[in-house]
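Go ahead and model the full structure; you've got the sequences and the hints to work with.
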Amino acid sequence: MNKNIFEMHISFDLAVTTNQAINCFNSNEYDLIITDMGCKNENDHAGNILIKKLRELNCNVPIVVYTSERAIQKFGSEAINLGAYEITSGIENIISIITKILKL
Numbered sequence: 001m002n003k004n005i006f007e008m009h010i011s012f013d014l015a016v017t018t019n020q021a022i023n024c025f026n027s028n029e030y031d032l033i034i035t036d037m038g039c040k041n042e043n044d045h046a047g048n049i050l051i052k053k054l055r056e057l058n059c060n061v062p063i064v065v066y067t068s069e070r071a072i073q074k075f076g077s078e079a080i081n082l083g084a085y086e087i088t089s090g091i092e093n094i095i096s097i098i099t100k101i102l103k104l
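Residue numbers for the sequence shown follow the working numbering, so the first one is 1 and each next one is one higher.
No wet-lab data here; the hints were simulated from the structure. Honestly, I wouldn't trust all of these hints.
[Unchecked claim] Heads up, simulated BS3-like pairs for lysine-lysine below, C-alpha to C-alpha not over 25 angstroms straight-line: (1) Lys-52 - Lys-100; (2) Lys-74 - Lys-52; (3) Lys-53 - Lys-74; (4) Lys-53 - Lys-40; (5) Lys-74 - Lys-40; (6) Lys-52 - Lys-40.
[As the list claims (entries may be wrong)] Restraint-style ranges between C-beta atoms, simulated for each label pair: (7) Ile-91 - Glu-56: 18 to 24 angstroms; (8) His-9 - Val-61: 17 to 23 angstroms; (9) Lys-74 - Lys-53: 17 to 23 angstroms; (10) Ser-77 - Ser-11: 19 to 25 angstroms; (11) Glu-42 - Gly-83: 17 to 23 angstroms.
None of these values were measured; they are calculated from a predicted model. Heads up, the beta-carbon is just placed ideally off N, CA and C, and yes, glycines get one too.
In structure tokens form, the structure reads like this:
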């Protein structure tokens with residue numbers, strides 16, 4: 001699969017903090033949410049905090065965590081338990097997951 005995100009004609013919003021992500025969610029409709037696990041201005045498990053907050057807001061949108069292998073080992077199980085659809089560190093995996101969820 002040699003697609004990149006721009007060839008898939010996907011529009012997206014970029015949030016660099018958990019609060020920005022929550023504000024985006026409250027202001028828009030999404031088919032998919034992709035988050036990293038860590039945030040340099042917050043902490044190394046900000047992705048799990050985001051997942052928890054979104055699920056508390058009754059968000060049923062699939063949430064995918066794209067992060068490092070180290071973060072997967074440290075926080076991956078918690079992410080899945082909190083309601084992440086998938087967690088991965090591979091670019092081919094993330095493209096495949098996006099394609100599957102969005103039915104592209």
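Here's how the hints hold up against the structure:
Between Lys-52 and Lys-100, the direct Cα distance comes to roughly 23 angstroms. Compliance with the 25 angstroms bound is thereby established for this hinted pair. Restraint check for Lys-74 and Lys-52: the C-alpha separation of about 17 angstroms stays at or below 25 angstroms, so the hint holds. Distance hint between Lys-53 and Lys-74 is fulfilled; the C-alpha atoms sit about 20 angstroms from each other, no more than 25 angstroms. In summary, the hint linking Lys-53 to Lys-40 is supported, as the alpha carbons are separated by about 19 angstroms, within the 25 angstroms threshold.
Pair hint Lys-74 plus Lys-40 holds up; C-alpha atoms about 17 angstroms apart against a cutoff of 25 angstroms. Note on Lys-52 and Lys-40: the hinted pairing holds, with a Cα-Cα distance of about 19 angstroms set against a maximum of 25 angstroms. Taking the beta carbon of each, Ile-91 and Glu-56 are about 30 angstroms apart, not inside 18 to 24 angstroms as hinted. Between His-9 and Val-61 the C-beta distance comes to about 19 angstroms, which sits within the given range of 17 to 23 angstroms.
The hinted window of 17 to 23 angstroms between Lys-74 and Lys-53 holds, with their beta carbons roughly 20 angstroms apart. The hinted window of 19 to 25 angstroms between Ser-77 and Ser-11 is violated, with their beta carbons roughly 32 angstroms apart. At about 19 angstroms, the CB distance of Glu-42 to Gly-83 agrees with the hint of 17 to 23 angstroms.
Hints 7, 10, counting from the list given before, are not met by this structure.
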